[in-house]
Amino acid sequence: MKFLKTFLGYLKWHYGKALNTTFVFWKNILIFLFNFFSIKSLAGNFFSPWKRLADSYPKNFNIKAYLFTFLANSISRIVGILMRTIMILVGLCTCAAYILLLPFSLVVWLALPILVIALIVFGLVLIIFS
Amino acid sequence: MNIKKFLQQSSIYNVLAMESIISEDFRNKLSKISKIIITILVLTLLFFYFSENSVKFVGIKNFVNHYSLTTRLIGLILFNLGIYIYSKLANFYFSSTYYFEKIVQNKYSKDEFYTFSVGRILYAGRKTDILHGFFNSTVGKKILLRLGVAKNDAIDFINSQQIIQNENAPETQEKVFKIIDIADYLYSTKINFKKFLNSRGITDKELFGAIEWTVYEIETKEYDSQWWRPEFLAKIKGLAEDWSFGQTFLLNKYGRNLMDDKEVNSEAISFSSREAEIGQIENALSKSSGSNAMLVGEPGQEKMQVIWSMCRNIKNDNISAPLQGKKPILLIANFLISACKDKNSLESQIIKIFSEVVSAGNIILVIANFTELYKYSESLGSDFLNIINPFIASTSIQVVSLVNSSDFHQYFENNKILMNDFEPVLVRSLNFDEIVKIIYAAALESEKKYNIYFTYQAIQEFANSASYYFSNGVSSDVAMNILNEISPWAIRNGYRLVGKDEVLEYISKKTNIPTSGKISENEKNKLLNLENLIGERVVGQKDAIVAVSNALRRARTGVRNPNKPIGSFLFLGPTGVGKTETAKALAYVFFGSETNMMRLDMSEYQTDDSMERLIGSFDSGKPGIFSSMIREKQYGVVLLDEFEKTNKDVLNLFLQILDEGFFSDTSGQKVSTRNIIFIATSNAGADTIFEMVNAGKNPKDAQDEIVDEIVKKGLFKPELINRFDATIIYKPLEDSDLKQIAKIMLEKVSDRMIEKGLILEISDTLIDYVVKNGSNKAFGARPMNRFIQDSIEENIANLILKGEALSGKTITFTVENNILGVKVS
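Residue numbers (our numbering), protein chains in the order written: chain X, 1 to 130; chain H, 1001 to 1825.
Read the hints as simulated data drawn from the structure, not as lab findings.
Misleading hints may appear alongside valid ones.
Claimed, not checked - Straight-line distance between alpha carbons at most 30 Å, and here's what the computed BS3-like set of lysine-lysine pairs gives: (1) H/K1178 - X/K2; (2) X/K12 - H/K1175; (3) H/K1032 - X/K5; (4) H/K1700 - H/K1542; (5) H/K1326 - X/K40; (6) X/K2 - H/K1262; (7) H/K1262 - H/K1326.
Unchecked claim - Only part of the chain X face toward chain H is listed, based on derived beta-carbon distances under 10 Å: (8) T21; (9) K27; (10) K59; (11) L100; (12) L101.
By construction, the Cβ of each residue, glycine as well, lies at the ideal position given by its N, Cα and C atoms.
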């Protein structure tokens, strides 16, 4: 009786409060992935020079020095844009893969209580009857 | 409502019931073991699979096929997997119902009437009563262990207690019933429980403290296991976090990234009492320009602790927007100072570092030794504040400088321009309870590292001793240092359980102060015989000795007020009657050696600069005689000779010292005098004492009269006299006393002669002669010593020089018509 009551209590939790927690868990991981690949900050600074490596332009107007600085800074920016694009793409792909997995993991969660019993029973059957 | 009904009100009941079938400990073991088994089985399976086509393992192959082992193995793996998932699910179930009291203020759902710990105790007592539940539950056992109660004692006690049938669950005003409520209920209603604890020296405060610590321990473990919480995930550094910010090559050379400090990354979530200070820093650093803060506090680690707490908040993403994702870097001023030997290089390096910080864009520059850097650049003739001014006034930098309070007042407070850009943030010193709490986490880490166990009383003693036995430094620093040092010491001495006594023993070894832990047999005898021991050296002042002895026994047994000096006495009486000798005797008896008596001739401190000479000069930075003396020897007798002669300021200083047990020197540092016996002597009122003795009165009975007269004369204020533990009147010595003193002095000479192989015969006539010629009314026995030197010792010296007093001879002095003669035989 006690065992059955406990089990029912558990099921109530598994399909109630715990299911809610699972959604929170998914949300946390998704936010984490976004931060891990720094997607927001990379997008915000998409066109900035690579690691802020940029010279300031000469104060006296000197066309040669001006062009040189412009070239150097442009390279820094292009490197920055390239690296950021790669990282953002990798990040977005990971997030997408993660989101695609969610329905599957939802099914797994819903099936878990039965799965546990099934695993134990099936395992015992295999051990004893093969 | 009975316990069972009360329990069933909440959904936690099901978890508790599950726990009673399969306990947490068992579950954890189950998941560990099944994990190991699965790993081994999978490896074996893989081995079978790959060895199938190999000729070498034909025997194995046949064996496997014959018993269809592969299928059975798969079955075993599936079975274990089921067990593993089950144990994990059960743990999630348990975790999600856990109510965090301390770490996060949970929003509890409607059906949560009690915390999990309370549930465990009540569930364990559902068939008996709450007290039995407390003693039999894992939580209760843990708490008792933290209080230093031996397991068997607890079992014996609870077995002797009658079970209360159908006990009702206690009631509380709070929405959620916490473990502290249970403890409060048990302590106030179960007299035997209270007696059981009190007989072991455990108070209710300690019981509640131990509960708080235990709850903290359980919760930290539980909380840390929930890795999916956003604050834990935020700790993992992003891959491209630095990409949009500049590099800081120079700053990396002279500083370090504070985010890597172990204090920031410590697993234990410390009770942060620093939210107020961090809030102020956040405000300062969020300003549109001049976004800098200056942390002002006592010398020590407290300011850094605030910074570390701030770093932890940045890491957990629990901080306001202008600080989010920032990298606090500590500029180590000493590296910079040692690298730059002249004005130009220092200035250029400082400018480069600040420019780097600006261009990097994500750095909070923390300058720990701001004052040192300032002073150093001033000494090179460079205007440090002016150099950094354009940077700190700009919108693109965040600087936090740490300075000591005294330096702040001396150098920075009045600099209007600097204060415009630096918002001062005062760092408060932690109080006793807060210090105890910051030790919680550190003690648990230390336990793990050294495999020892601290009782709650030990933790309390760390905080207590820090302010009690150590006069230098901030208490929280000192407490942490004691904790860090005691663990290796405990291991060396074979202590696994560190309680209050062990802590006191350690402190006693470290400071040579006999802490009031265990009073040794030897010391006990000394204390009980204090009158006799002092009486051997001080003659004729029985009343005075009794008063001093009583005060000291009070002090050593811990009955005294811990926030005052051990004892403070005002000795009044004529010169040469034993006042100084009492102080010396005390130092010898109580502190082991006469060298533990420190003497200040207060007649030297009459002028206006006396205070400066005693506690240090603000202008010259010279340390004071008195403050240095106490710092060097925190434990002993301080004799303040001719106390009435010093000036008013000094008397006021002592008003505070006697009252509070500490004073602050000019650098603002506290100096503790709580392990000192102060003896102030004065011959004020000596005339009155003489008159009384002449009139045949005992001066002891007329103490009030004498004190009144001193106050009337304006020598001491009444409040100062009241601050002393006792005012003790020394009466003039009588002839018989003087004779005894003369005898003691002559015996000392005799002892010295014995070392030279000579025997000095001390006759009554010699003693009478010394008393008659060596003492007088005004100076008591004081001139006697000089007299013995001039007459007796000089005679002996002459004999030795003449070669008459050879080893083995006896020297006899004769007196005829008050003329001294000497014989050698």
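Results of checking the hints against the structure:
1. H/K1178 - X/K2: Roughly 26 Å between the alpha carbons, so the hint for H/K1178 and X/K2 holds.
2. X/K12 - H/K1175: At roughly 24 Å apart (the allowed maximum being 30 Å), H/K1175 and X/K12 satisfy the hint.
3. H/K1032 - X/K5: holds (27 Å)
4. H/K1700 - H/K1542: Status holds; Cα separation ~11 Å.
5. H/K1326 - X/K40: holds (16 Å)
6. X/K2 - H/K1262: violated (48 Å)
7. H/K1262 - H/K1326: The hint holds at about 18 Å.
8. T21: holds (6 Å)
9. K27: This interface hint holds because 9 Å falls under the 10 Å limit.
10. K59: Constraint on X/K59 not satisfied, violated at 17 Å.
11. L100: The hint is violated - X/L100 has no Cβ within 10 Å of chain H, the shortest such distance being about 20 Å.
12. L101: violated (16 Å)
Hint check: violations occur at hints 6, 10, 11, 12; the rest are consistent with the structure.
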